[in-house]
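Enquirer: Spelled out, the chains give:
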Amino acid sequence: MGELAQYLVTGVGLGCAYALTGSGLVVIYRVTRVVNFAQGSFAVLAALCVTTVLAAGLPHGVAEGLGVLLAAVVGLLVGLVATGKPGTTPQAALIVTLGLGVFAYAVEILFWGDQPRSFPGLGGAIGGVQIHYLLIIAVTAVVLGAVALLFARTDLGRALTATAADPYAARAVGIDVVRMGLFAFAVGGALGGLAGVLITPVQQVSFDSDVALVVNGFSAAILGNLTRPGLTLAGGLLLGVVSALVGGYLSTAYQSDVALVFMLVVLIARAGRRDVVEAA
Amino acid sequence: MIEARDLVVRYGAATALDGVSLSVRAGEMVALIGANGAGKTTLVNTVCGILRPAAGELATTGRLALVPEGRHLFGPLTVDDNLRLGAWRDRTGRDTGHIYDLLPELVPLRKQAAGRLSGGQQQMVALGRALMARPDVLVIDEMSLGLAPRVVEHLAAHLRERNAEGLAVLLIEQNARLALDLCARAYVLEAGRVVAEGPSAELAGSPEVAAAYLGLES
Ligand SMILES: Nc1ncnc2c1ncn2[C@@H]1O[C@H](COP(=O)(O)OP(=O)(O)O)[C@@H](O)[C@H]1O
Ligand SMILES: [Mg+2]
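Chains as they are written, first to last, in this note's numbering: chain A, 1 to 280; chain B, 281 to 498.
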């Protein structure tokens, strides 16, 4: 298989991890208006947990499932700490998530050390493409599709949207808005954990891997104003592919700049549009 | 249905309700009138359990549903989804069909985003959403505010019908004439206290109330 095709596949795989991370941010933001800067930690914790569980002899599938479950529980706890106190503003909660992300470093280094780790994914290749990339793409498609259906087609999804749209009215009809927020944090945690569990076999994980994930995930999410899952997916895939191309044809040193440049372009484009609106 | 005795509600150091007693019995239609800032919405939110009283007693029986001041629809959701969420407490009662029978004007709007409707249409959806809870008592905060007289008349007709079927109503209004016209009994709230109460006809006839709330010179 050609070099270009190889980079594209790698990029889409990476982009799926960004899209999952970004979607976690979107789910949490839509319901709670909190930008969760601990989002990358969910991926790292889940992946590190899988290395331990596999070493303890549990089979694949179960190990990855446990990793995602742990991330969901951690997400719930982050939500509880960041938003559980009545009257906490989203801005204050954001700072708390930032602090919890740093705290996660301490926990991760304490339990797993500071060296990168990995675990095997699906082995084998079809036409030069590692099968594991196909797994990443398939799982991401199914999971993001399920999240979209949850929001669009179920009463729970409607209640989550209602909580974000008007917390006062949500309470008036009997929706427990704190519970909804915590549920969103748990879903966000699971999505972040899934990103980590899927990407680690093709890209080692260490305690500070969260930075690249959260920066790329956030960049993808702001393409859709932190509220549009479809645009977040598109942004994630674009970022993954461009990163892979930049890493392959230029230098891996520039890879981390891709997301920052992308974010800048989105913000400038948006500011430009706002000027037009104000001028009108 | 609603039995409040000597309710005190504070926002920090500010006292918004200062010993308010009010009752709404089954099937009754009661008005609560008073100027802006008198404490009407505070009382509504307390009765609905959104605010906690600092003192006093509050007992409610039966199901209670709220049409909030300013409508407060779920803007991004469709009319139908707004209605469904009105029955959030009741997992099995979320079929919206009976609301379209009661409020046929909502039928053509069912797939539209609630945030894009006119004020009158929104108030109708807010009424439908509250009725979805199959309430025994309906609390309506500022039903007529900002609406055209024709729309208000329409809403009032719906209320009369529902009340005739046994629904109790607590109607909060700044338009005292409308409230006294619709309801048999009324309370007048002023600066967090009930300053007058009784049959609507008596209140409408009292010179003080007429001067303060009906814009009539006594
Ligand atoms: N969330 C709040 N925080 C502080 N003060 C409030 C709040 N809501 C209402 N108030 C005050 O309580 C008083 C009663 O307000 P409200 O119940 O909204 O009156 P009404 O509905 O009769 O216009 C007013 O003085 C208002 O400024
Ligand atoms: Mg009010």
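Simulated from the structure, these hints should not be mistaken for laboratory data. C-beta atoms are modelled at their ideal positions from N, C-alpha and C, and glycine is treated no differently. Heads up, some of the hints might be wrong.
As the list claims (entries may be wrong) - Calculated Cβ distances over 10 Å to all of chain B for the following chain A residues:
#1 Arg117
#2 Ile175
#3 Leu238
Unchecked claim - Label-pair distances were calculated between CB atoms; the ranges are:
#4 A/Ala253 x B/Arg390: 28 to 38 Å
#5 A/Pro90 x B/Leu338: 44 to 54 Å
#6 B/Val288 x A/Ala152: 39 to 49 Å
#7 A/Val261 x B/His378: 50 to 60 Å
Enquirer: Hint by hint, say whether it matches the structure.
Expert: These are the hints, each one checked on the structure:
Interface exclusion of A/Arg117 from chain B stands, the closest Cβ pair being 42 Å apart, more than 10 Å. The beta carbon of A/Ile175 is not kept farther than 10 Å from every beta carbon of chain B, the shortest such distance being approximately 5 Å. Interface exclusion of A/Leu238 from chain B stands, the closest Cβ pair being 26 Å apart, more than 10 Å. Checked against the hint of 28 to 38 Å, the C-beta distance between A/Ala253 and B/Arg390 comes to roughly 56 Å, which is inconsistent with it.
At about 32 Å, the CB distance of A/Pro90 to B/Leu338 disagrees with the hint of 44 to 54 Å. Against the hinted window of 39 to 49 Å, the Cβ-Cβ separation of B/Val288 and A/Ala152 comes to about 45 Å, which satisfies the hint. Separation of A/Val261 from B/His378 is about 56 Å and conforms to the stated range, judged on CB atoms against 50 to 60 Å.
In the structure shown, a violation is registered for the earlier hints numbered 2, 4 and 5, in ascending order.
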